[in-house]
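Protein chains: 2
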Amino acid sequence: MTRRARGGRAARAAANAAAKPKREPYIKRNIPEYSILGDADLAILEHNADTLLEEVGINIEDDPESIEYFVKAGATADGSRVRFPRGMCREIVKKSAPAEFTQYARNPENNVQIGGKNTVLVPAYGPPFVYSKEGGRRYANIEDFRNFVKLAYMSPSIHHSGGTICEPVDLPVNKRHFDMNYSHIKYSDKAMMGSVTAPERALDTIDMMKIVHGEDFVNENCVLVNLINANSPMTYDSVMLGALKHYARAGQCAMPSPFVVSGAMSPVTAAGVAAQSLAEGLVGMALTQLVRPGAPVIYGNFVTSMSMQSGAPTFGTPEASSIINMGAALARRLGVPFRSAGGFNGSKIPDAQAGYESANSLQTGLMAGVNFMLHTAGWLEGGLAMGYEKFIMDADQAGMMAVFAKGVDMSENGQAMSAIAEVGPGKHFLGCEHTQKNFKTAFYQSNVSDNNSFEQWVEDGSLSAEDRAEKAYKTMLAEYTLPELDPEIDAKLLAYMEERKASFPDSNIS
Amino acid sequence: MTRRARGGRAARAAANAAAKPKREPYIKRNIPEYSILGDADLAILEHNADTLLEEVGINIEDDPESIEYFVKAGATADGSRVRFPRGMCREIVKKSAPAEFTQYARNPENNVQIGGKNTVLVPAYGPPFVYSKEGGRRYANIEDFRNFVKLAYMSPSIHHSGGTICEPVDLPVNKRHFDMNYSHIKYSDKAMMGSVTAPERALDTIDMMKIVHGEDFVNENCVLVNLINANSPMTYDSVMLGALKHYARAGQCAMPSPFVVSGAMSPVTAAGVAAQSLAEGLVGMALTQLVRPGAPVIYGNFVTSMSMQSGAPTFGTPEASSIINMGAALARRLGVPFRSAGGFNGSKIPDAQAGYESANSLQTGLMAGVNFMLHTAGWLEGGLAMGYEKFIMDADQAGMMAVFAKGVDMSENGQAMSAIAEVGPGKHFLGCEHTQKNFKTAFYQSNVSDNNSFEQWVEDGSLSAEDRAEKAYKTMLAEYTLPELDPEIDAKLLAYMEERKASFPDSNIS
Chain A
1 MTRRARGGRA ARAAANAAAK PKREPYIKRN IPEYSILGDA DLAILEHNAD
51 TLLEEVGINI EDDPESIEYF VKAGATADGS RVRFPRGMCR EIVKKSAPAE
101 FTQYARNPEN NVQIGGKNTV LVPAYGPPFV YSKEGGRRYA NIEDFRNFVK
151 LAYMSPSIHH SGGTICEPVD LPVNKRHFDM NYSHIKYSDK AMMGSVTAPE
201 RALDTIDMMK IVHGEDFVNE NCVLVNLINA NSPMTYDSVM LGALKHYARA
251 GQCAMPSPFV VSGAMSPVTA AGVAAQSLAE GLVGMALTQL VRPGAPVIYG
301 NFVTSMSMQS GAPTFGTPEA SSIINMGAAL ARRLGVPFRS AGGFNGSKIP
351 DAQAGYESAN SLQTGLMAGV NFMLHTAGWL EGGLAMGYEK FIMDADQAGM
401 MAVFAKGVDM SENGQAMSAI AEVGPGKHFL GCEHTQKNFK TAFYQSNVSD
451 NNSFEQWVED GSLSAEDRAE KAYKTMLAEY TLPELDPEID AKLLAYMEER
501 KASFPDSNIS
Chain B
511 MTRRARGGRA ARAAANAAAK PKREPYIKRN IPEYSILGDA DLAILEHNAD
561 TLLEEVGINI EDDPESIEYF VKAGATADGS RVRFPRGMCR EIVKKSAPAE
611 FTQYARNPEN NVQIGGKNTV LVPAYGPPFV YSKEGGRRYA NIEDFRNFVK
661 LAYMSPSIHH SGGTICEPVD LPVNKRHFDM NYSHIKYSDK AMMGSVTAPE
711 RALDTIDMMK IVHGEDFVNE NCVLVNLINA NSPMTYDSVM LGALKHYARA
761 GQCAMPSPFV VSGAMSPVTA AGVAAQSLAE GLVGMALTQL VRPGAPVIYG
811 NFVTSMSMQS GAPTFGTPEA SSIINMGAAL ARRLGVPFRS AGGFNGSKIP
861 DAQAGYESAN SLQTGLMAGV NFMLHTAGWL EGGLAMGYEK FIMDADQAGM
911 MAVFAKGVDM SENGQAMSAI AEVGPGKHFL GCEHTQKNFK TAFYQSNVSD
961 NNSFEQWVED GSLSAEDRAE KAYKTMLAEY TLPELDPEID AKLLAYMEER
1011 KASFPDSNIS
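Residue numbers (the numbering used here), protein chains in the order written: chain A, 1 to 510; chain B, 511 to 1020.
Quick caveat, the hints were computed from the structure, so don't treat them as lab data.
No experiment lies behind these values; they were computed from the predicted model shown.
Watch out, some of these pointers could steer you wrong.
In silico SDA-like cross-links for lysine to any residue, where the CA-CA straight-line distance does not exceed 25 Å [to be verified]:
1. B/Lys605 / B/Ile652
2. A/Lys427 / B/Arg593
3. B/Lys627 / A/Pro32
4. A/Lys117 / B/Tyr544
5. B/Lys981 / A/Met308
6. A/Lys117 / B/Leu894
7. B/Lys937 / A/Asp62
8. A/Lys427 / B/Glu575
9. B/Lys643 / A/Asp467
10. A/Lys427 / B/Ala982
11. A/Lys427 / B/Pro574
12. B/Lys937 / A/Asn59
13. A/Lys406 / B/Leu995
14. A/Lys406 / B/Gln819
15. B/Lys937 / A/Lys210
16. A/Lys210 / A/Val239
17. B/Lys937 / A/Asp78
18. A/Lys437 / B/Arg593
19. B/Lys937 / A/Gln309
20. B/Lys937 / A/Phe259
21. B/Lys916 / A/Ala43
22. B/Lys937 / A/Asp467
23. B/Lys937 / A/Glu65
24. B/Lys984 / B/Trp967
25. A/Lys406 / B/Tyr544
26. A/Lys427 / B/Leu894
27. B/Lys937 / A/Thr76
28. B/Lys950 / B/Ala982
29. B/Lys532 / B/Leu995
30. A/Lys117 / B/Glu575
31. A/Lys406 / B/Ala822
32. B/Lys538 / A/Asp41
33. A/Lys501 / A/Val169
34. A/Lys427 / B/Val749
35. B/Lys627 / B/Pro803
Computed footprint of chain A on chain B, listed as stretches where at least three residues anywhere in the stretch have a Cβ under 8 Å from a Cβ of chain A [claimed, not checked]:
36. 812-820
37. 924-933
Backbone N, C-alpha and C define an ideal beta-carbon position, used for all residues, glycine too.
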């Protein structure tokens, strides 16, 4: 008798493992995209974006090189104000920007396909604080950074390691990008984002990726996606465009993203925000193609509404959902991948507000057809804090989104006609053959939700979702094991960082 | 000088009141319906439903009258098992069921339009328990019932008073419908649902509505929507069909609703659930049209998935969202209004789980095009508890749903081109004319979300969403004032109830 045939706990565990579906490295959507506007209205928004580019123009500050690129392509410059003939930016983007591309991870199983019917779920980006039930809210440090890289690495439905997953404020501003990049490489093997806080830091990041992937590979393949924020309204600066150009020249993906709090950086009305955002995005995207035709690029949107009482940005709101929906449709018409949505919320803690707002944003983003969903997991307090428990909750939602995006199984097994005939009126389906055959993969299993009886829940300690998520992240961090990394590459990375760090003094100015 | 011209606080209050948009009695959706399946797949589900009705049939228990209706229309009966020729039920429904109808409220301003592009948001239905932060979880009583009627009455985005908003378990089972009906009439003037727990209680409910609206009006107009659950799989009983027939005869709306926990009352696969539910729904809907052609009817779906670990029903899950989406599309093809979705969740408390799950269900339901959204507000613990704080949170979401459903304002003001031209690159929009003109109605104002700074939030007491919702419901109940009710009608209702209650003994058996 083999060990398997003898049965028992080990055999059941093996059978369970075998029945588990293989982890999907990204979501391949098998559901249609939902657009709240039809083609005629979307064409009006495109026309408006062109009108803004032609008549108002974009300020390109302290960056004569970028202005020259545009002027050579047909734009006119009046100091830093650049105006673009109708359709110019759109044509440049349509001509050479890829509709879909692969971002390579250091583990090929984690390569992600960006664009088209694919959705890649990415951790939150940028919070200077962390929040946990145990520690409350405090400044983030490099240990937190590593912890969140580990949690993203271990979360099957988070597809990407992200970038500035939180700000390690214990490290000097002008050198922390080395440690952030190294942490993504060392503690995860998923795809990652590069530093954009200064043009030279973009070059450092590309150098480190060349150590990991080899120089030739990086020259010809996308291994970095990089967040380039516009200074909305209608402005780019030399820091962001400097990073954009370095990445585009290296064949790496820039993601120009209008950063809009409606009412502050844009009009308060959704159609106005959509046209302005498109105008800003077109300029950033066009520059990538002027620098290197065919370089991968993503159209980004970061949009929030505003509390007209306090002026504070608001999240997970219907206004933001509408704008994101339009942005996704406009990106499809342009033929480029789209980045937006995420687990946005304004709550200071992972409570019901955080839940409602995050779910609203995640759901509407998924249905809109977002391709690169930055800020999917961890976001709290309008992006100021990265939440440990919140990360677990959002990662759980990410798993549910993948199930919904799979669409409906219309196979004979999915239609289940023989099961209904077999069971018949008034009986239950628990023991029938169809249920037995399908139950292991029939329903998504949450690790946050409690659906037990009230009595059982009380017996289990009357825990909130936050309590359960706290247990989950602590268990994950305790069980974490390093992914394999070639010791030679590791040594080279460390030597590179040491040398570069020693070559200029620490600074916390910018 | 008039009082207004003198300015000051009163004038500003008047100006604010004038600027406030009028309350909408229901949502008129100006966004497309989202369907995850195309017509070919939906036709397969319809074919499957017909196959089930033809080959498996439906059990109609202890109700020879209903069986006779079907046999006369062409069905065959083998004992309680009734089988239907392919297409029979569909044709009966398509022939006479209205695609859209008005349900009249005792205040005409609160009449709701059910079907088509309209969505009516309705409180939760049926919980035997209530939950509040202050009181924890306990059995509901008639005072709770009145409280929730009052809260629904005061919530601008909840369009309906609902039915068994919670079970007043302090009253005898066989008489509590009098008090529930009276509470809806007395403490609210929104449209309401009728009792279905026994056929004679349906008649009592119709009698009470005749006192309120007049007999002739009730005979010709819909003043009640009534929830008729199927005993899934593929079974109806005489209690539910008895109530259905009474309501249909009186021209009142029945809402036959398959009640499905996937894996228990149906197969575990979504396409199987959808076909079975349609088969069950078609039979209930067809009976209403056989009893009274043209009677208003709604196709209902109550669908949850199941935890395959514990067997507990689960809520706000992607599987349920998929099934609801299909149900809505099938109802549109049939030409009847659709009821489903709501603030479903399995949480025992209004925490992040409650928030995520409720938002998932509400959002996907809205986009699917649900017409009558039962269980929109208050639902906790898989429907076993009605939450005071949860009601406030969900009612807030209802307001956001209305904004999203309005779609995008593509007017000149909405496009805001002149505002962008006026402000120009690098400036802010806070003070511009367009913002000044639009800001009062630009963004939905939540009464639950806190978007203040962390520091301000701490100063305000570090409140959770639950804490804020607690304050809100207490304030509302303290500020509640009775809507006008003709004293003569009130007296007649009280006399009717007294007489009817005295005519038979109390019972708590059923």
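Each hint tested on the structure:
About 42 Å separates the Cα atoms of B/Lys605 and B/Ile652, which puts this hinted pair outside 25 Å; it is violated. This hinted pair checks out: A/Lys427 and B/Arg593 have alpha carbons roughly 17 Å apart, not beyond 25 Å. Taking the CA atoms of B/Lys627 and A/Pro32, the gap is about 20 Å. The hint holds against a cut of 25 Å. Proximity of A/Lys117 to B/Tyr544 is assessed by CA-CA distance (about 17 Å); at most 25 Å being required, the pair is judged to hold.
The hinted pair formed by B/Lys981 and A/Met308 meets the criterion: a straight-line CA distance of about 22 Å does not exceed 25 Å. A C-alpha spacing of about 39 Å is found between A/Lys117 and B/Leu894, which places the hinted pair above 25 Å, so the restraint is violated. Taken as a hint, the B/Lys937 and A/Asp62 pair is honoured in the structure, with Cα atoms around 17 Å apart against an allowance of 25 Å. For the suggested pair A/Lys427 and B/Glu575, the alpha carbons sit about 24 Å apart, so the restraint of at most 25 Å is met.
Of the supplied pair hints, the one linking B/Lys643 and A/Asp467 holds, its CA atoms being roughly 17 Å apart against a limit of 25 Å. Our distance criterion of 25 Å between C-alpha atoms is broken by A/Lys427 and B/Ala982, whose separation comes to about 45 Å. In summary, the hint linking A/Lys427 to B/Pro574 is supported, as the alpha carbons are separated by about 21 Å, within the 25 Å threshold. In summary, the hint linking B/Lys937 to A/Asn59 is supported, as the alpha carbons are separated by about 11 Å, within the 25 Å threshold.
Taken as a hint, the A/Lys406 and B/Leu995 pair is broken in the structure, with Cα atoms around 52 Å apart against an allowance of 25 Å. A distance of roughly 22 Å separates the Cα atoms of A/Lys406 and B/Gln819; the hinted pair therefore holds under the 25 Å criterion. At most 25 Å may separate the alpha-carbon atoms for a hinted pair to count; B/Lys937 and A/Lys210 exceed this at roughly 40 Å. This hinted pair checks out: A/Lys210 and A/Val239 have alpha carbons roughly 23 Å apart, not beyond 25 Å.
Note on B/Lys937 and A/Asp78: the hinted pairing holds, with a Cα-Cα distance of about 18 Å set against a maximum of 25 Å. Of the supplied pair hints, the one linking A/Lys437 and B/Arg593 is violated, its CA atoms being roughly 29 Å apart against a limit of 25 Å. Proximity of B/Lys937 to A/Gln309 is assessed by CA-CA distance (about 21 Å); at most 25 Å being required, the pair is judged to hold. Under the criterion of a C-alpha separation no larger than 25 Å, the hint pairing B/Lys937 with A/Phe259 is consistent with the structure, at around 14 Å.
About 20 Å separates the Cα atoms of B/Lys916 and A/Ala43, which keeps this hinted pair within 25 Å; it holds. Distance restraint check for B/Lys937 and A/Asp467: the Cα-Cα separation of roughly 44 Å exceeds the 25 Å cut-off, and the hinted pair is therefore not satisfied. For the given pair, B/Lys937 sits about 24 Å from A/Glu65 by alpha-carbon distance, which is consistent with the 25 Å threshold. Annotation: proposed proximity of B/Lys984 to B/Trp967 holds, straight-line Cα distance about 21 Å (limit 25 Å).
This hinted pair checks out: A/Lys406 and B/Tyr544 have alpha carbons roughly 15 Å apart, not beyond 25 Å. Distance hint between A/Lys427 and B/Leu894 is fulfilled; the C-alpha atoms sit about 24 Å from each other, no more than 25 Å. A C-alpha spacing of about 21 Å is found between B/Lys937 and A/Thr76, which places the hinted pair at or below 25 Å, so the restraint holds. Taking the CA atoms of B/Lys950 and B/Ala982, the gap is about 22 Å. The hint holds against a cut of 25 Å.
Restraint check for B/Lys532 and B/Leu995: satisfied, since their Cα atoms lie roughly 23 Å apart, inside the 25 Å limit. This hinted pair does not check out: A/Lys117 and B/Glu575 have alpha carbons roughly 53 Å apart, beyond 25 Å. Taken as a hint, the A/Lys406 and B/Ala822 pair is honoured in the structure, with Cα atoms around 24 Å apart against an allowance of 25 Å. Proposed proximity of B/Lys538 and A/Asp41 is supported: the alpha carbons are some 20 Å apart, at most 25 Å.
Restraint check for A/Lys501 and A/Val169: satisfied, since their Cα atoms lie roughly 17 Å apart, inside the 25 Å limit. For the hint pairing A/Lys427 with B/Val749, the CA-to-CA distance comes to about 19 Å; that is within 25 Å, so the pair holds. Pair hint B/Lys627 plus B/Pro803 holds up; C-alpha atoms about 23 Å apart against a cutoff of 25 Å. With 6 residues carrying a beta carbon less than 8 Å from a beta carbon of chain A, the region 812-820 of chain B meets the three-residue requirement, and the given coverage holds.
Residues of the region 924-933 of chain B with a Cβ under 8 Å from some Cβ of chain A number 8, which satisfies the need for three, so the listed coverage holds.
The structure fails to meet hints 1, 6, 10, 13, 15, 18, 22 and 30 from the earlier list, while all remaining hints are met.
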